[in-house]
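The listed protein sequences correspond, in order, to chains A and B. Here this note's numbering runs 118 ahead of the position in the first sequence, where the first position is 1. Here this note's numbering runs 362 ahead of the position in the second sequence, where the first position is 1.
To be clear, the hints were calculated from the coordinates, so they are not data collected in a lab. Wrong hints could be hidden among the right ones.
[Stated by the list, open to error] Distance ranges between label pairs, derived from CB positions: (1) B:THR490 with A:ASP374: 34 to 40 Å; (2) B:ASN377 with A:LYS307: 49 to 55 Å; (3) A:ASP645 with B:THR490: 46 to 52 Å; (4) A:LYS346 with B:SER426: 56 to 62 Å; (5) A:GLU882 with B:VAL422: 33 to 39 Å; (6) A:THR550 with B:PRO379: 31 to 37 Å; (7) B:PRO379 with A:GLU408: 40 to 46 Å; (8) A:ASP645 with B:ILE403: 40 to 46 Å; (9) A:GLU451 with B:SER426: 47 to 53 Å; (10) B:PRO379 with A:SER835: 30 to 36 Å; (11) A:ILE309 with B:VAL422: 53 to 59 Å; (12) A:MET887 with B:ALA478: 25 to 31 Å.
Ideal placement from N, C-alpha and C gives every residue a C-beta, glycine not left out.
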Amino acid sequence: MNAPSKKPKSSFRRKFLIGTAWVGGGLAVAASVGGALAWRRVSNAQKFMLPVDHAKGESSFNAWLKIAPDSTVTVAVPRQDMGQGIYTMLAMLVAEELDADWTKVKPEQAPLNPVYGNMTALVDGAPPAMKSMVGMVSKVLGLQATGGSTSTRDGWMPMRVAAASARAMLLAVAAQKWSVPASELTIEKSIVMHKKTGKRAPFGEFAKEAAALTPPANVSLKSQSEWKLLGTSPPRTDVVEKSTGNAQFGIDVRLDGMLYAAVKHIDLVQGELQAVRWKSGAAPKGVLHEVRGSDWFAVIGASYWSMQQALKDVELVGGGATAVMLSSSRLAEVYERVLDGQDGDLSPIAKPLRRTFAEKGNTLRMIAGTDVAKRVEAKYSVPFLAHATMEPMNCTARIRDGKVDVWVGNQAPTIVQWLAASAANVSGDNVTVHTPYLGGGFGRRSDMEVVRQALACAKVTGGKPVQVIWSREEDVKHDAYRPAVTCKMSAAFDEKGGVGAWYHAIVGPSVTKAFIKRLNPMLAGDDPPDKTNCEGAAEAPYRSAFANFQVDHAQVDLPIPMGYWRSVGHSFNAFFVESFVDEIANALNKDPYLFRLELLKDEPRFAKVLNAAASAAKWNTPLSPIAGGKVGRGIAVAESFKSIVAQVVDVEVIGKQIKLRRVVSAVDCGFALDPENVKAQISSAAIFGLTAALKGKITLKESQVEQNNFNDYGLLSLAEAPEFETVIVNSGDALGGIGEVGLPPVAPALANAIFAATRKRLREMPFVM
Amino acid sequence: MAISLTVNGSPLTLNVPGEKPLLWALREDANLVGTKFGCGIAMCGACTVHVNGEATRTCVLPCSAVAGKEVTTIEGITAKGLNAVQQAWIEMQVPQCGYCQSGFIMAVTALLDKNANPSDAEVEAAITNLCRCGTYPAMRKAIRRAIELMKGGAK
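Pulled out of the complex, with its shape left as it was, chain A reads as follows:
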């Protein structure tokens, strides 16, 4: 470790090896520039200083952390906590390198600055589409967003380097004061110690002088064997607040003079507001302002509840060019025709864009040339789904003296800033985004229509802040939905009786295109292809076992708002792939677990996770029977967001009732930095997936969503939740994500369990016996 010096900061140069491995693979172009960009990003982080609270005497070391005289370490977290525990995780990265006392480490939401942009999300694939939207790479790099299970991977290098750098600076000051070599100093729980002389002092005492030093040119990070905090599960930083009613969510924001707005959208899922009719002729008493939006109407008053009551008295007329009449039954017909290659009458859907996402050998020829008796074919489908975050959509905005303040639970403060600046017609510098805790995210809070609404309302209140709240019904009926998707899968056996060809044809919309369209319709395009369409299918783990392998996608544009939903394309593709491989195993009369192992002979990482799950679940131990019902066990494995998860589901089927008994998961996310949170996220995502598998369904009738609230869009309850057991496989591979990865394999594992119990193959979600 080089000693920090007092050279001017402008001459600061940093050199350390940054491979592209830590930013993940994905797009080759992005990965090749990844190393250089990462370097610039860490050096920029040294130049941008986290704003300090002078009253607390804080000293800022760089963009990522500041230290107070009492040794409190404040960590800037540029990601949003929606329950995944990212405040804790990213603070742990800093605390580890600083050897800080965990009880004195405080995460806080980072300000908006390009240095915090989520580069891993860029490299992983979602934001390349943003590239065209903002027009310049630098702006893309500044996108502060939480998604794609990227946060830890993205913070992994810069946050540890930032902390190691601060550590070196603290030790340099201590060494000088005590006249001892810095190399003989250690830190334990925020106390700097010199063993030979017995000197010790909390590092906060050195913070002010240390922060004035030029950061060292080189820092070495701790090796894994030196970690004290990483690999353990310290108390989460938010749990006490969240167990005492003290955690502040967006809906809890209270400001002087604040007004409330209730919002009602037109009945159509998409279209334009054409007329507003008060049934009693005029707005009821208490309505201070009426605001008309593109497809919504809001009333503003002193009470949200009274504004909600007022909206019962209004009729909205919707229609216009963007309103296209579509019902789920018609959409199913269209999907079926597209699957069968008939692009004739698809009205009201336009001709699909057909593309091949993966191709090896000559799959179609082999399948066509194989006798029907030696083929397996199946069609699967999944419906639209709402996110149903527990905290309904809301946003508080204030426009005063040319300055805009926005308080909103969101997954992309940069997008909030763009939207607010554009709506208020001010520059982004005049917009302050306040991000409290999110009452659930799951992708929903990256779509920020509610920000536009809050700004439109704040424009008419004469500087008073206004809080817009959606009812649950608005939330269910006007989400940006996980799309409905259908597919057909075919496998052909070769002469040896093995799988010689695997063909997967998927029909569905592009989520990324739909998402961008909602931000700015001018910028929504078809290139580059949206890899979320086929994620989990194009790189199905079994592809190495097949001589012929092809994944096609027919992209249909739907007149329905759609967006990212926990695990995105993996949420349906894993269901397709893992159900179908089970069907093939059954056709070959093979054990579904052993058959997968056979196919994964060249994929040792997958095989290890699959074995871990099967072993923990005691795959071969029969389930205890149940009176009047049947029991079954199913297995599935999937890679998503660079992590591999295998799950074994035990199910009881009693008449038409499907009862979940147990879910055993094995997860390889490289290394479990916080094992208890890994387990919590795996069961969380699995319950999200099981809710979809058993209950989730949004349907359209004449372009109106038929569901309303939790009465007809139900969630799994405590009584319905299975027992969970999760095994961690620390492979030492590159870090993978954790917030979404427990979802993809759980629905197919359940479908496979139901098949094992009843011999009935469920190919459509939600599952109905």
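Position chain B against the provided structure of chain A, taking the given hints into account.
Same frame as chain A, now just chain B:
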């Protein structure tokens, strides 16, 4: 209309329409925002408080129905120091997004106040709140832990 009741041990007079749900009176008029709005149809339980000791969903409970009654919210529980349920919740690190947790803690507290040693089936029958993050596995552990803590004398 003026409605007088006791909230967290102190008298409170609400000047609200009688049909205004208690949830919104708490959040808008009493500035007690720990009780959450989730569905508005008493399905999710995020708005659970205690009315005369009973776990009650307040998003459909008119203020007129609570005149003269004793209402306790999550803030009232917290003000007396962490109860056994909250201690167990923290120990088992239950919350994820945290939004539904006040409602769950109120529901579980009311259950254990009545039945200090419920069976798993009794717990499942009584606790019908919804959690979108799926924190149920940790909740099950925390409820068992809270029962132990109460046996050990925790309030």
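Results for each hint:
1. Checking the proposed 34 to 40 Å range against THR490 (chain B) and ASP374 (chain A) shows it holds: the Cβ atoms sit about 38 Å from each other.
2. Restraint check, ASN377 (chain B) to LYS307 (chain A): a C-beta distance of roughly 53 Å satisfies the suggested window 49 to 55 Å.
3. Evaluation of the 46 to 52 Å hint for ASP645 (chain A) and THR490 (chain B) yields a pass: the beta carbon distance comes to about 49 Å.
4. Between LYS346 (chain A) and SER426 (chain B) the beta carbons are some 58 Å apart, a value that agrees with the proposed interval 56 to 62 Å.
5. One distance hint, 33 to 39 Å for the beta-carbon pair GLU882 (chain A) and VAL422 (chain B), holds here, with the actual separation near 35 Å.
6. Under the hint 31 to 37 Å, the C-beta atoms of THR550 (chain A) and PRO379 (chain B), about 36 Å apart, fit the expected range.
7. For PRO379 (chain B) and GLU408 (chain A), the Cβ-Cβ distance of about 21 Å falls outside the hinted range of 40 to 46 Å, so the restraint is violated.
8. Checking the proposed 40 to 46 Å range against ASP645 (chain A) and ILE403 (chain B) shows it holds: the Cβ atoms sit about 45 Å from each other.
9. Evaluation of the 47 to 53 Å hint for GLU451 (chain A) and SER426 (chain B) yields a pass: the beta carbon distance comes to about 52 Å.
10. A beta carbon spacing of about 33 Å between PRO379 (chain B) and SER835 (chain A) agrees with the range 30 to 36 Å that was offered as a hint.
11. Taking the beta carbon of each, ILE309 (chain A) and VAL422 (chain B) are about 55 Å apart, inside 53 to 59 Å as hinted.
12. Between MET887 (chain A) and ALA478 (chain B) the CB atoms are about 39 Å apart, so this pair departs from the stated range of 25 to 31 Å.
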